[in-house]
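> Line by line, the protein sequences give chains Z and E.
Position 15, counted from 1, in the first sequence is what the numbering used here calls 4; the numbers after and before it change by one each time, with no gaps.
If you count the second sequence from 1, you need to add 28 to reach the numbering used here.
Don't take every hint at face value.
[Claimed, not checked] Stretch-level coverage of chain Z by chain E, calculated; a stretch enters the list once three of its residues show a Cβ under 8 Å from a Cβ in chain E:
no.: 1; segment: 14 to 22
no.: 2; segment: 32 to 39
no.: 3; segment: 50 to 57
[Unchecked claim] Here are the simulated DSS-like pairs of lysine-lysine, each with C-alpha atoms no more than 27 Å apart in a straight line:
no.: 4; chain 1: E; residue 1: K115; chain 2: E; residue 2: K105
no.: 5; chain 1: E; residue 1: K54; chain 2: Z; residue 2: K30
no.: 6; chain 1: E; residue 1: K115; chain 2: Z; residue 2: K30
no.: 7; chain 1: E; residue 1: K108; chain 2: E; residue 2: K54
no.: 8; chain 1: Z; residue 1: K30; chain 2: E; residue 2: K34
no.: 9; chain 1: E; residue 1: K54; chain 2: E; residue 2: K34
no.: 10; chain 1: E; residue 1: K108; chain 2: E; residue 2: K120
no.: 11; chain 1: E; residue 1: K115; chain 2: E; residue 2: K34
no.: 12; chain 1: Z; residue 1: K30; chain 2: E; residue 2: K66
no.: 13; chain 1: Z; residue 1: K30; chain 2: E; residue 2: K105
no.: 14; chain 1: E; residue 1: K54; chain 2: E; residue 2: K66
no.: 15; chain 1: E; residue 1: K120; chain 2: E; residue 2: K34
no.: 16; chain 1: E; residue 1: K54; chain 2: E; residue 2: K105
Hints are computed from structural coordinates only; laboratory data are not their basis.
For glycine and all other residues, C-beta sits at the position ideal for the given N, C-alpha and C.
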Amino acid sequence: MGKNLVGNHIRRLRFNHGEMTQQQLADMVGVTRQTIVALEKGNYSPSLELAFRIARAFNLPLEEVFFYGEQTGQNEDEGSI
Amino acid sequence: MTYQEKKSIVSIASAIFIFVVYSAYKYAVYPDGELEPKEMFHYWGSFVLVLTLVSIVAHIVISIVFNIVFRMTTGEKEPKFADELDKLIELKAHRNGFFVFILGFLLAMGSLATDRPIQAMFMILIVSGFASDVTGSVTKLYHYRRGV
């Protein structure tokens, strides 16, 4: 696949929100658990609408959940590609 | 491995199984000797129609059995709806499958244009339909594993 430059902090944010499960987040934003898995692995860049729904689920602005381009010092298990 | 990945693998395996078994059966009952054009069109027409029906029924049955086995082995329920990622992958699968079928269709027309036997045209069309189905499933598997 082409290089996906949209990364995210979803895994860390789930952990910080009472160890929310992937299924709980998926139910909150209206997608399947597999889509959350793909997002966390960095295999998928969400639509703008889904990105906003995920940010709203964490009560954070979009740019604190998603980032564009390479970010240094990221947690290795996060979804930057 | 996710539900969708497993389902794609099952789809590929079942498509190959159905096509090979059905083709082997039809090959065995192919009439001996030179066929009249009317008989030949009847044979190939029924080949395509019955294969389509058999494929639909077999895919439904295999899908139901797969869901039951998936629930029993993983304790999870299959996703009840298709979200944006599923729809995007579905579109890509349709695009690739359609491309393969069109390629086969053009080859089939080429076989007519180059005066090949009429059976060749039907065989190319049927094989391209099968290849299109497999291509769609392989595309799904690829995108579910590697991302979009």
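> Compare the structure with each hint and give your call.
Hints and how they fare:
no.	hint	in the structure
1	14 to 22	holds (count 4)
2	32 to 39	holds (count 6)
3	50 to 57	violated (count 0)
4	E:K115 to E:K105	holds, 19 Å
5	E:K54 to Z:K30	violated, 46 Å
6	E:K115 to Z:K30	holds, 19 Å
7	E:K108 to E:K54	violated, 37 Å
8	Z:K30 to E:K34	holds, 18 Å
9	E:K54 to E:K34	violated, 30 Å
10	E:K108 to E:K120	holds, 21 Å
11	E:K115 to E:K34	holds, 17 Å
12	Z:K30 to E:K66	violated, 57 Å
13	Z:K30 to E:K105	holds, 22 Å
14	E:K54 to E:K66	holds, 18 Å
15	E:K120 to E:K34	holds, 18 Å
16	E:K54 to E:K105	violated, 38 Å
Of the numbered hints stated above, those contradicted by the structure are hints 3, 5, 7, 9, 12, 16, listed in ascending order.
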